[in-house]
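Student: Note that numbering that gives the first Met the number 0 gives residue 26 to position 27 of the sequence shown, counting from 1, and the numbers run on in steps of one.
Simulated from the structure, these hints should not be mistaken for lab results. These numbers come from a predicted model, not from an experiment. Please note that a few of the clues may not be correct.
[Stated by the list, open to error] What follows is a set of in silico ranges between Cβ atoms, one per label pair, in the way DEER data are often shown:
1. Val15 with Glu48: 43 to 49 Å
2. Ala36 with Arg12: 42 to 48 Å
3. Asp51 with Arg13: 29 to 35 Å
4. Glu52 with Arg22: 32 to 38 Å
5. Glu52 with Arg13: 28 to 34 Å
Think of the CB as a built atom: it goes at the ideal place given N, C-alpha and C, for glycine as much as any other residue.
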Amino acid sequence: MKVTVDLPIEATRRLVKLAVRERRPLPLQLEVLVLQALGLWPPPDENQEREDEARRQCSSGGQGAAGPEVQHRGGDLDAQRF
């Protein structure tokens, strides 16, 4: 499909900066932005890999269901009053 878009100059500048940061050619970056808007990016395989990795990180390390204990410079956060 061919789509023509007339962007304001500021939006064009942001798009170019984003494409450079993401190391993608400008047309590919535009395609990625459209797919993100439609909820189709990143591709499903990458989504599943990220979810699996997050689950592995949460379940490893012997942490209980509550997760890691939160520490603060002054000691345990529960002992401090806010």
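Student: It remains to establish, for every hint, whether it holds in the given structure.
Tutor: Hints, verified against the model:
no., hint, result
1, Val15 with Glu48: 43 to 49 Å, "29 Å, violated"
2, Ala36 with Arg12: 42 to 48 Å, "19 Å, violated"
3, Asp51 with Arg13: 29 to 35 Å, "33 Å, holds"
4, Glu52 with Arg22: 32 to 38 Å, "22 Å, violated"
5, Glu52 with Arg13: 28 to 34 Å, "30 Å, holds"
When the structure is compared with the earlier hints, violations turn up for hints 1, 2, 4 and for no others.
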